[in-house]
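Undergrad: Below are the chains, spelled out letter by letter.
Protein chains: 2
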Amino acid sequence: MSKTLHLTAFMRPVSLHTGAWRYPGAYADANFNFGHLKSFIQKLERAKFDAFFMADHLAVLNMPVEALKRSHTVTSFEPFTLLSALAAVTDKIGLAATASTTFDEPYHVARRFASLDHISGGRAAWNIVTTSNPDAARNFGLSEHVEHGERYQRAREFFDVVTGLWDSFADDAIIRDQESGIFFDPEKLHVLDHKGEEFSVRGPLNIARPVQGWPVIVQAGQSEPGKQLAAETAELVFAAPRDLATAKALYADIKGRMPAAGRNPAHLKILPAAMIVIGDSVDEAKAKRAHLDSLVHYDSAIASLSIALGHDASGFDPDAPLPDNIPDTNASKSGRAQVLRLAEQEKLTVRQLAQRYGGYAGLALIGTPKTIADEMETWLNEEASDGFTCVFPFLPQGLDDVTEKLVPELQRRGLFRKDYEGSTLREHLGLSRPANRFFPA
Amino acid sequence: MSKTLHLTAFMRPVSLHTGAWRYPGAYADANFNFGHLKSFIQKLERAKFDAFFMADHLAVLNMPVEALKRSHTVTSFEPFTLLSALAAVTDKIGLAATASTTFDEPYHVARRFASLDHISGGRAAWNIVTTSNPDAARNFGLSEHVEHGERYQRAREFFDVVTGLWDSFADDAIIRDQESGIFFDPEKLHVLDHKGEEFSVRGPLNIARPVQGWPVIVQAGQSEPGKQLAAETAELVFAAPRDLATAKALYADIKGRMPAAGRNPAHLKILPAAMIVIGDSVDEAKAKRAHLDSLVHYDSAIASLSIALGHDASGFDPDAPLPDNIPDTNASKSGRAQVLRLAEQEKLTVRQLAQRYGGYAGLALIGTPKTIADEMETWLNEEASDGFTCVFPFLPQGLDDVTEKLVPELQRRGLFRKDYEGSTLREHLGLSRPANRFFPA
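Quick note, the sequences are listed as chains L and Z, same order.
Mind the numbering: the first sequence is residues 1 to 441 in the numbering used here, read in order.
Mind the numbering: the second sequence is residues 1001 to 1441 in the numbering used here, read in order.
Honestly, the hints are just simulated from the structure, not real lab data.
Hints are not guaranteed to be accurate.
To be verified - Computed cross-link-like contacts, BS3-like style, restricted to lysine-lysine with a CA-CA straight-line distance of at most 25 Å:
{"no.": "1", "chain 1": "Z", "residue 1": "1003", "chain 2": "Z", "residue 2": "1038"}
{"no.": "2", "chain 1": "Z", "residue 1": "1038", "chain 2": "L", "residue 2": "43"}
{"no.": "3", "chain 1": "L", "residue 1": "347", "chain 2": "L", "residue 2": "3"}
{"no.": "4", "chain 1": "Z", "residue 1": "1347", "chain 2": "Z", "residue 2": "1333"}
{"no.": "5", "chain 1": "Z", "residue 1": "1038", "chain 2": "Z", "residue 2": "1347"}
{"no.": "6", "chain 1": "L", "residue 1": "92", "chain 2": "L", "residue 2": "48"}
{"no.": "7", "chain 1": "L", "residue 1": "286", "chain 2": "L", "residue 2": "418"}
{"no.": "8", "chain 1": "L", "residue 1": "38", "chain 2": "Z", "residue 2": "1405"}
{"no.": "9", "chain 1": "Z", "residue 1": "1092", "chain 2": "L", "residue 2": "38"}
{"no.": "10", "chain 1": "Z", "residue 1": "1405", "chain 2": "Z", "residue 2": "1043"}
{"no.": "11", "chain 1": "L", "residue 1": "92", "chain 2": "Z", "residue 2": "1003"}
{"no.": "12", "chain 1": "Z", "residue 1": "1418", "chain 2": "Z", "residue 2": "1048"}
{"no.": "13", "chain 1": "Z", "residue 1": "1043", "chain 2": "L", "residue 2": "38"}
{"no.": "14", "chain 1": "L", "residue 1": "288", "chain 2": "L", "residue 2": "347"}
{"no.": "15", "chain 1": "Z", "residue 1": "1092", "chain 2": "Z", "residue 2": "1048"}
What the hints assert, rightly or not - From chain Z, some residues computed to sit far from chain L (all C-beta separations above 12 Å):
{"no.": "16", "residue": "1048"}
{"no.": "17", "residue": "1124"}
{"no.": "18", "residue": "1253"}
{"no.": "19", "residue": "1265"}
{"no.": "20", "residue": "1348"}
{"no.": "21", "residue": "1380"}
{"no.": "22", "residue": "1411"}
{"no.": "23", "residue": "1441"}
For every residue, glycine included, the Cβ atom is placed at its ideal position computed from N, Cα and C.
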């Protein structure tokens, strides 16, 4: 059988693009309107998407007030409450939520994802993030942000504790014999009793093993420790390489690390995030994006660039290239490396870079359903990706264009499913169900 | 207008009564079956209940394995994920979830409840608990449990931080002017910058002010600091006095503390938890309870008594009264006081006490719809309560008996609403919407 694409949606309620709330026809109130989110995910499910994934931050983004006041990102649903609610109005599509290993507790995280997996019938996925926003630390009692390397060390142990807690009960532990009165077999309950560098967690978890064994493990990280963590733990990666060559290198890099970590590279799907802008012609699609970018005020643009750099860029000369010697910070290293690469590749001025970052800076596929399907097919065949994490430029139209125009084209080519093959997210992604480490089959 | 009752449901998926999963017709799989929970809450909504409230624990309950294996409490949905999912399949009924002030972070708690309030259109309530289960501490990196007094001090500050975060945005802060590009008015955003004994939280919250201003504040505590915390902060109390006299005293005690805390006693509704067992005759109702209690194994019974006492009771003589000198622990003081009171009031042996605690130890209203409606009316008129927190002895039948037999009787007497008066939980409870402390109207 020839290879097929996996497609997930990566969203904010109004769009990841900061100008999107001003686009003609946009739902500017989507941050408060559960009905809009329900309509989005139900359309994606009808289009047979693998999963729906809501972006997250643990603070109002740190930008100057002149930019902040123009940003629809200041308010959003908390992803866990949102995804649980969406689980109740869908049947098949996967549900990916973010939980921070720096600012949350393994017991809480293990329990919530197990619960979402039971509620949804096996559709939960955990996006492991270490939280690069320095302002988040100040919302959790820390005056300084936790250092990058230590965040990843903690993330690795956090993962071990969470998966260990998910394995508290054997799959067949719960007997429920009303006659004898035995609810579960205590021989099939494991007390984790984890004592590590970062965490001391006794367990067991007070919820049965998730439907999927473990919810699907998701990661984004492109930094060195991020790639290593992905190779060791992730089953779905939505890293955002900027072009085919970078994507192929990243794909080979992450999958190449897996055997040394004792893993089969087929057990990780890499779905690069790509903003998809569709027109009846390539020129029309480009014009849509240009109009969208024009809706981003320069004050917001320069603030976004500052976040990406981890450094205030408002003092830079807008019409010169980026200065060379920007001081290091604890912010995301992969984010900064991407800015520097983009600036050099496209020879952009500070203003041009800022406009790109103020809108959406990542990979964009811009064209007709046919040209975009061609690109996706190339990426799949050249081992640059196993599919895509779709970013919609504006909502609802940008999503409708994908589900109504691009997906049918992919289906005609045999590149995408016409119906779900199974009922769990693992089944959609072709991932096996993890064995219980304490109760092997 | 004469006084009317408020009714909420306090539940575990299978019932709070530990023998309930074995009762004829019980849904023994309700801990895993979202469909059952959906049917329960939709029935309660059709009966016009004020709110649905899911019990919670942050550990597998600490009982000997011989008892544990008989307990349906070892697994349950996490309440937040469950209530969010239930929000999507209901329109009017309130949704109360527990969050621990000892083992969670104010920023997370403020954000999740605000999100649930937005998703549900103003139906969220926060049950503030300090978590008395010593095993919970060991799931969160602590080897010793946090001392009782310190837990309440932390709870009080936690409340101040959470409500301060909910007030981050003025109600009219979000402008969303697509033409000018201004999303919100930064003059109407408050940075909390809390620095206290227990917490340092900068803010602002990254979600707009909840629909209800603040989700409704709920508490159970009957200990001295619990009552004081309720008088200072709570809007709904589900304390479980064992009889009318105790209830009147508690009602007067908590409401009597409110003026000194600068609050109007009408702004707190006290709804004692009561297990309701309905029969066609009083004798039939009593027989149902006797059969239910008989389904609790003695090993579970003695373990439950040990939890209530905070002390292992398995060595006590089953046929003697409770020994006098049981050592003090950090477990819930109000729980232990209740055991001692019940033992003395009803002159119960250890075995009898254990059987009561192994099933459901709290207040029970047992009789016909008419006798129970009489009791409820008496409690309301004698200022022992503003309604009841209904505990169902077994499910689904125990719930159906309440919604199909008791509620119509209460409605005939004009004691309970025939339709919702408003759309938010505050409106159901007759509670005013709190002013924003930073942006007074």
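Undergrad: Within 25 Å, alpha carbon to alpha carbon, are residue 92 of chain L and residue 48 of chain L?
TA: Cα-Cα ~8 Å, so holds.
Undergrad: Beyond 12 Å from every Cβ of chain L: is that where the Cβ of residue 1048 of chain Z lies?
TA: The claim stands: residue 1048 of chain Z keeps its Cβ more than 12 Å from every Cβ of chain L (closest is about 22 Å).
Undergrad: Would the hint linking residue 38 of chain L and residue 1405 of chain Z be met if the CA-CA limit is 25 Å?
TA: violated (36 Å)
Undergrad: For residue 1441 of chain Z, is the shortest beta carbon distance to chain L beyond 12 Å?
TA: The assertion about residue 1441 of chain Z holds, with a minimum of 20 Å to chain L.
Undergrad: Hinted pair, alpha-carbon criterion (25 Å max): residue 347 of chain L, residue 3 of chain L. Please report holds or violated.
TA: violated (36 Å)
Undergrad: Please check whether the beta-carbon of residue 1253 of chain Z is more than 12 Å away from every beta-carbon in chain L.
TA: The assertion about residue 1253 of chain Z holds, with a minimum of 33 Å to chain L.
Undergrad: Taking only the CA atoms, is the gap from residue 92 of chain L to residue 1003 of chain Z under or equal to 25 Å?
TA: violated (47 Å)
Undergrad: Would the pair residue 1347 of chain Z and residue 1333 of chain Z pass a check requiring their Cα atoms to be no farther apart than 25 Å?
TA: Since the Cα atoms of residue 1347 of chain Z and residue 1333 of chain Z sit roughly 21 Å apart, the hinted pair holds (cutoff 25 Å).
Undergrad: Residue 1038 of chain Z and residue 43 of chain L: Cα distance at most 25 Å?
TA: Holds, at about 23 Å.
Undergrad: Within 25 Å, alpha carbon to alpha carbon, are residue 1092 of chain Z and residue 38 of chain L?
TA: It holds: about 18 Å lies between the C-alpha atoms, which stays within 25 Å.
Undergrad: Minimum Cβ separation between residue 1265 of chain Z and chain L greater than 12 Å?
TA: Correct as stated: the minimum Cβ-Cβ distance to chain L is 32 Å, above 12 Å.
Undergrad: Confirm or reject the statement that residue 1411 of chain Z sits farther than 12 Å, beta carbon to beta carbon, from all of chain L.
TA: holds (29 Å)
When each numbered hint is compared with the structure, violations occur for hints 1, 3, 5, 7, 8, 11, 17.
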